[in-house]
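Student: Each chain, letter by letter, is given below.
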Amino acid sequence: MGKTKIEVPVMADLFAQGKKPEYLFWVGSAGAFDDRYKKVSQAFIKILHFLNIDYAILGTEESDSGDVARRAGNEMLFQMQALMNIETLNSYGVDKIITCDPHDYNTLKNEYCDLGGNYHLEHHSEFLDRMIFEGKIKFGNNHFQGKVVTYHDPCYLGRANKVYDQPREVLKSLGINIKEMPRNKSFSLCCGAGGGQMFKEAEKGNKEVFIERTEEAMALSPDIIVTACPFCMTMLTDGIKYKNKELSVANMDLAEMLAESLGL
Amino acid sequence: MKQILFLISMLITLGVFAWTASKIKSYFNLLKPAFPIKDISERIKLTLNVAFGQSKILRRPVIGFIHALVWWGFIVILFGSIEMIIDGLFGTERVLSIFGYFYNFIIAAGDIFGLVIAVAISIFLIRRNIIKVKRFEGIEMKKISHQDANIALLIIFFLMISLLGMNTFYQVKVIQQGGEMLGIFPISHFLVSTFIGLSEHTVSILHEANWWTHILLIFLFANILPYSKHFHVFMSVPNVFLSRLKPLGYIDNMPNITQEVKLMMNPNAIISEVDNNSMERFGMKDVEDGNWKNYLDSLACTQCGRCTSVCPANITGKLLSPRKLMIDFRARMKEKAPKLVKDKNFDDNKSYLGDYISEEEIWACTLCNACAQECPINMNHPNLIVEMRRYLVMEQAMAPSGLNAVFQNIENNGAPWQFAQADRLNWAKDIYIKQ
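Keeping their order, the protein sequence lines are chains A and B.
Counted from 1, the first sequence has number 55 at position 55 by my numbering; the numbering is strictly sequential.
Counted from 1, the second sequence has number 157 at position 157 by my numbering; the numbering is strictly sequential.
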């Protein structure tokens, strides 16, 4: 079994060749710059190639979606980012967008339309669920047999956009029997990073939100805590480290689970 | 005589209510538009589901079901109240019995609900005053909140007792004096034997006393409600019907900013109708920067605290409590709106943000939408948070330092972190797939 290097297609290059890919993979700032989430982007790219998906990324033409700026109250900056991105996306005639970031998913799907950007968004959990449903991905052996797995709902995927079932379906199709936390789906507790919290000191309290959530997950004695959001990933990874469990508990994204199952 | 007394008390009730309603309407006029009310069929579906079906309060199945029983009971008993008003005005007795089987069914259901609600209200009183459920406590829960709750609960309790009393003595009266028994009374039926020995005169008086107690309590209740947190009884169904229909993750666009940004990006753009007269404030500093939905939310809020009980910031001991946003919005409106109606430039050097809600509360929010998700009547607390952040950031340049750094980074290099835009593709350089 050899290894092949993947050349990630960039929109501008394809466009120059007169090609228009079916999907745009929106990487997002975290997917491009956060060390941990870069691995998720890479895992997802492997899956896209495994599936022979006709896609491209914007590469250096992509800029921050502005989601954090908007939620932190800087509407001016949000709209500058949004209008700039919309101009780029529209110039390539982009229609279908897939992203691994629920925050960008929410902003591009629900908010860019106010500013002239109308796209069909799929979060990677929805995309993967659809691929599995359409029979494009099949699994042989149960790679995660015997592992205790729980799933943390990202707020911007779950409550914000009601995507609760698709990530769970993906895990189920991997042969995983999810052990749910007491607060799950629409009752899920935030990881603590939303609304700009990721980038600032927490206000005075008696506990950090990410510790509260990590403890809830830890109570299940899991081997893997799965999530589907870069911010949740950061917070829960920190929580696991705080509890000195980083050797026994893994924090993985849905895409990584699937790529690992497929042996990519 | 009875008819005249009834007419007078009803006119007083309606008069006071109309006066209150017109005041509240003038307060709504001070506020900004929220969203156009379209998609009526979707709104009707939502109202049937969330309001009449109680789908959101049933997220806590046990106590939610008890609330649902009270609410469904109210609807049934309302039929009898309408009958009482007709009877009172025209001197008839149980006039709606012309509906036959339907009447029997509704009256029977009302009789049962009378007891069910009385029991439910007792449970609510015990939870609030004896068990002291944690959800009913918090910095925003002042003595007046509990007083309000207890007054409303006691009025409802006595409404039910008088309903059952009225039904009981009606039956005794019919048995003693003869005549057709109108309606079926599965619960109060059992009380008849207790009172059958009383004189006809006493029974008549007791029947009248219960009848009057019941209707006058309704009249009183109707006029207390708009001044208490139990305005909920009137405002919650409209509040659900007028819900924001967007996904919870959506934040309202600011068209006035779009105009400025477009000008900045393309100075040659011709912007039509630039309205220079309205130097509108960005975001929300005080209540008049809010929209009618914010106020409606605050009027419909009955301070159940489900929002606060699921708030990650509140759970971890931060100052933020979503319920407080609503209570304080209403309190500030109560303080400022009457003065603003008289003088639109009124200023008392106080504001919602600052004197009621602190920056510490505003910045503790994770915008996870758990509060909005949990609210049984679809209030939107995050909207208030975002609007106040907009004011702090765009008018005052007062964001926490971490966020200021993020703004700078996004502006300079298109990412929240200090990485060069040119490096945006680095992650994609060495990806290998096994084949």
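If you are wondering where the hints come from, they were derived from the structure by calculation, not from laboratory data.
Watch out, some of these pointers could steer you wrong.
Restricting the straight-line Cα-Cα distance to at most 16 Å, the calculated cross-link-like pairs of lysine to aspartate or glutamate (EDC-like) are [said to hold, decoys possible]:
id, chain 1, residue 1, chain 2, residue 2
1, A, K204, B, D87
2, A, K243, A, E201
3, B, K429, A, D35
4, A, K3, A, E260
5, B, K246, A, D114
Student: Work down the list of hints and note, for each, if the structure agrees.
Tutor: Quick rundown of the hints versus the structure:
no. : hint              : in the structure
1   : A:K204 <-> B:D87  : violated, 61 Å
2   : A:K243 <-> A:E201 : violated, 20 Å
3   : B:K429 <-> A:D35  : holds, 14 Å
4   : A:K3 <-> A:E260   : holds, 15 Å
5   : B:K246 <-> A:D114 : holds, 12 Å
Checked against the numbered hints given earlier, this structure breaks hints 1 and 2; the rest are met.
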